[in-house]
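Kindly generate the complete structure, drawing on both the sequences and the hints.
Here the sequence shown stands for residues 1 to 289, numbered as in the working numbering.
It is worth saying that the hints were derived from the structure and are not from the lab.
Quantities reported herein were computed from a predicted structural model and do not represent experimental measurements.
Below 27 Å or equal to it, Euclidean Cα-Cα: the simulated DSSO-like pairs (lysine-lysine) are:
| hint | residue 1 | residue 2 |
| --- | --- | --- |
| 1 | K256 | K143 |
| 2 | K59 | K2 |
| 3 | K143 | K128 |
| 4 | K2 | K263 |
| 5 | K263 | K143 |
| 6 | K2 | K256 |
| 7 | K128 | K263 |
Quick list of simulated restraints, FRET-style, between CB atoms:
| hint | residue 1 | residue 2 | range |
| --- | --- | --- | --- |
| 8 | E24 | T139 | 44 to 54 Å |
| 9 | S147 | A69 | 33 to 43 Å |
| 10 | P84 | N180 | 22 to 32 Å |
| 11 | E228 | V133 | 34 to 44 Å |
| 12 | R200 | N180 | 17 to 27 Å |
| 13 | P177 | A93 | 13 to 23 Å |
We treat Cβ as the ideally placed atom computed from N, Cα and C, and that holds for glycine.
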Amino acid sequence: MKIQDACLPCITAQTVSCAALIPEADRPAFYRSVFHTLAQLDFNQPAPAAIGAVYRLVKQTLRTEDPYASLRQRVNENLLAEVPALSLRISQASDPFAEALRLAILANGFDFNPIHHPDFNRMLNEFKTALDVPFDLETTALKQALSEARTVLVLGDNFGEVVIDALLLEQIHQLNPDLNLVYAVRGQPVVNNVIAEDARQAGIHRWARILSNGDDALGTLLPRTSPEFQAIYHQADLLLCKGQANYECLIDQPEKSRYFLLKIKCSVLALRTGLSIGTLACLAAPAGL
1 MKIQDACLPC
11 ITAQTVSCAA
21 LIPEADRPAF
31 YRSVFHTLAQ
41 LDFNQPAPAA
51 IGAVYRLVKQ
61 TLRTEDPYAS
71 LRQRVNENLL
81 AEVPALSLRI
91 SQASDPFAEA
101 LRLAILANGF
111 DFNPIHHPDF
121 NRMLNEFKTA
131 LDVPFDLETT
141 ALKQALSEAR
151 TVLVLGDNFG
161 EVVIDALLLE
171 QIHQLNPDLN
181 LVYAVRGQPV
191 VNNVIAEDAR
201 QAGIHRWARI
211 LSNGDDALGT
221 LLPRTSPEFQ
231 AIYHQADLLL
241 CKGQANYECL
251 IDQPEKSRYF
261 LLKIKCSVLA
271 LRTGLSIGTL
281 ACLAAPAGL
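Dropping the structure here:
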């Protein structure tokens with residue numbers, strides 16, 4: 001998806017939100033750097049490319065590789081404490097795969113991008129409240145595709161969320177034990193996006209190979225990813241893409257069968273998908289897959 005007009009106030013708002021991480025005295029120089037960068041924006045790129053550029057300047061200003069390092073570890077630990085109860089819930093469900101898929105989509109609500117004014121306790125309460133709220137989820141075609149696939153590439157989204165993703169990967173492994181299952185993470189820290197340390201902490205390696213995409217953008221900007229990632233991308237029979245940024249980056253890539261697992265979080269995505277903001281979705285592409 002190209003950057004839309006409605007993306008511009010969001011990019012600006014995210015810039016201001018990110019600036020909260022920076023000492024007040026350093027913010028004017030940060031804003032000048034950001035707006036100089038944004039003035040050269042390629043409007044044929046997805047919006048996540050712009051946010052990644054902003055966050056790169058945050059890291060340069062703070063002289064730190066990961067301003068979220070302590071938060072990501074703490075959130076992952078807190079969600080790992082929820083795993084026994086969630087695992088039991090999945091095992092007792094009439095369709096454990098469908099339940100794990102539902103939980104993984106619900107977990108896309110664990111989003112610590114500062115524009116969302118994140119509060120972990122609020123997110124956790126919303127997640128638990130939503131556990132017993134049914135939403136339509138057609139899994140037959142996806143289960144069939146996973147059962148027949150030789151290589152499946154899962155594109156992770158955020159820390160915290162990755163802990164719940166591990167429960168879905170376990171169910172995928174049970175569906176197809178011989179599957180070459182690969183879980184892709186960002187090559188460097190970028191806002192709250194998942195990195196290799198998160199995936200290892202979540203136990204992803206028990207069910208899938210953890211693969212860096214070699215890039216520091218939100219989502220998956222294919223031309224910027226590593227040769228190793230691109231080889232797996234092209235080898236994969238099926239992609240499972242978590243989150244909105246991966247949708248924005250990959251929905252217009254026509255050559256791969258893919259499912260997008262996400263919560264609709266903005267008006268641009270609502271318009272593109274025809275779904276209301278807040279909707280939890282499992283979207284096949286191409287449609288009718």
